[in-house]
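Novice: As a plain string of letters, each chain reads:
Number of protein chains: 2
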Amino acid sequence: MAKKIIPDIVIGRLPVYLRALGFLIAEGRQITSSQELGDRLGISSAQIRKDLSHFGEFGKQGTGYDIGFLYDQLRTILKVNKLWDVVLVGAGNLGKAIADYGGFRGKGFVITAIFDNDPEKIGKPMGIDDVIVQPIADLAESIKSNGVTVGIIATPAQEAQAVARIMVDAGVKAILNYAPITLTVPNHVRVQYIDPVVGLQRMTYYL
Amino acid sequence: MAKKIIPDIVIGRLPVYLRALGFLIAEGRQITSSQELGDRLGISSAQIRKDLSHFGEFGKQGTGYDIGFLYDQLRTILKVNKLWDVVLVGAGNLGKAIADYGGFRGKGFVITAIFDNDPEKIGKPMGIDDVIVQPIADLAESIKSNGVTVGIIATPAQEAQAVARIMVDAGVKAILNYAPITLTVPNHVRVQYIDPVVGLQRMTYYL
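The listed protein sequences correspond, in order, to chains W and E.
Read in order, the letters of the first sequence are residues 1 to 207 in our numbering.
Read in order, the letters of the second sequence are residues 1001 to 1207 in our numbering.
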């Protein structure tokens, strides 16, 4: 089936399914159903079956999904059955929390380089893998020489666009942006935003 | 116009518009257009006009939007023209980064209470407002006595559901969840998720 016809909103739910399957595996479970997954995720079972049907037949009528098999298939579809090198720019409190986060490696990502312009941070190790912080002047060369395509921006808003431009010019094609600003990037580059204020304001409307 | 007919996806874009308007104000600008906003945000101008039309007439044909007026209107619509008290549970690296973040107060939120179970953290000040960390045993009483309705969860995954239950039982109606797990909450409670792995995996599909 051609990839292009699958809506992005479906792709966006696959990591959530993958995460739920990971918890089921950790619980020692082997078989699940679209009903159980739906109950856990607050998504209808019909939606889950429809989403997965874009990629083939994963469940057998009446017996449900083999959790390990579906987990492996989703990892392959999302291309996280390998480890992606990730560059992190910004070694402040937020960057430190990201570098210290233990949940990336098991999910397909490893932060292999960290950049900041603070002389107090440059040259010192950071995060669970003790990556040495480098000056942002070295960012482009690092991305190019290592063929890195995934970047995380955890800088203040006013620096984020310049960092994004360096990343993109050097070959990054996917950016996770924690800076509270919408980035301007070429069409071939994907950006996902993490802004707690947007998440909070989206809810207060309903209060 | 009845609120219920406005799709949640439209509500979800309003904080992004508000953020962009805030940057325009900081730049000293007074008038903008749906075209300019769209260019900055990567959203079509037609979409922006349609989204805003749910709430009334904000722009004049040919003269664009008064930035300050639209900013104030969106703040009122999203109910962030007031300060919401927020409880934060989890005072680890991530909780510290959240408590240190200076961007909440100007956007309608202030973290007024922080909770953790680590004896090393309890009783000590944390974050830009030097909020004293309290034990999670005191969470429910704090929420109830202060009438808090917004909570942030920055605990490990295995503790998040229990914390969410305490929050909801005590009166919280909106939860920003950083723990990498889908929470089970009653229908009247809103949850927004912040999981960097989900954001990253959603992009690697396309690489």
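It is worth saying that the hints were derived from the structure and are not from the lab.
Predicted, not measured: the structure shown is a model, and the values here were computed from it.
Some hints could be false.
Stated by the list, open to error - Restraint-style ranges between C-beta atoms, simulated for each label pair:
#1 A137/W x K1082/E: 29 to 35 Å
#2 K1124/E x P125/W: 24 to 30 Å
#3 G1147/E x D138/W: 49 to 55 Å
Claimed, not checked - Pairs of lysine to aspartate or glutamate residues, derived as DMTMM-like cross-links and limited to a Cα-Cα distance of at most 25 Å, are as follows:
#4 K82/W x D39/W
#5 K124/W x D1100/E
#6 K144/W x D169/W
#7 K1060/E x D1085/E
#8 K1121/E x D100/W
#9 K1082/E x E1057/E
#10 K124/W x E141/W
#11 K144/W x E57/W
#12 K1124/E x D100/W
#13 K121/W x E1057/E
#14 K1121/E x D1085/E
#15 K124/W x D85/W
#16 K1079/E x D1118/E
#17 K50/W x D1085/E
#18 K144/W x D129/W
#19 K60/W x D85/W
#20 K173/W x D8/W
#21 K173/W x D1008/E
#22 K1173/E x E141/W
#23 K1050/E x D8/W
Glycine is no exception: its CB is placed at the ideal position from the N, C-alpha and C atoms.
Novice: Does D1085/E lie within 25 Å of K1121/E when you go C-alpha to C-alpha?
Specialist: The given pair, whose Cα atoms are some 21 Å apart, holds under the 25 Å limit.
Novice: Within 25 Å, alpha carbon to alpha carbon, are K144/W and D169/W?
Specialist: Roughly 9 Å separates the two Cα atoms, so the pair holds.
Novice: Sort out whether D1085/E lies within 25 Å of K50/W, counting only the CA atoms.
Specialist: Judged against 25 Å, a Cα distance of about 40 Å means the pair is violated.
Novice: Does E57/W sit within 25 Å of K144/W, going by the straight-line distance between their CA atoms?
Specialist: At roughly 39 Å apart (the allowed maximum being 25 Å), E57/W and K144/W break the hint.
Novice: Hint check: K60/W vs D85/W, CA-CA at most 25 Å. Holds or violated?
Specialist: violated, 36 Å
Novice: Is the straight-line distance between the alpha-carbon of K121/W and that of E1057/E 25 Å or less?
Specialist: Violated, because 50 Å separates the two Cα atoms, which is more than 25 Å.
Novice: Starting from the hint 49 to 55 Å, judge whether the C-beta atoms of G1147/E and D138/W obey it.
Specialist: holds, 51 Å
Novice: Need the status of pair K1173/E, E141/W: alpha-carbon distance at most 25 Å?
Specialist: This hinted pair is violated, its Cα atoms lying about 47 Å apart.
Novice: Would the pair K1082/E and E1057/E pass a check requiring their Cα atoms to be no farther apart than 25 Å?
Specialist: Roughly 23 Å between the alpha carbons, so the hint for K1082/E and E1057/E holds.
Novice: Below or equal to 25 Å on CA atoms is what counts here, so check K173/W against D1008/E.
Specialist: violated, 29 Å
Novice: Could one say that the CB atoms of K1124/E and P125/W fall in the range 24 to 30 Å?
Specialist: holds, 25 Å
Novice: Take the C-alpha atoms of K1121/E and D100/W, compute the straight-line distance between them, and say whether it is at most 25 Å.
Specialist: Holds: K1121/E and D100/W sit about 18 Å apart, inside 25 Å.
Consistency note: the structure conflicts with the earlier hints numbered 1, 4, 7, 11, 13, 16, 17, 19, 21 and 22.
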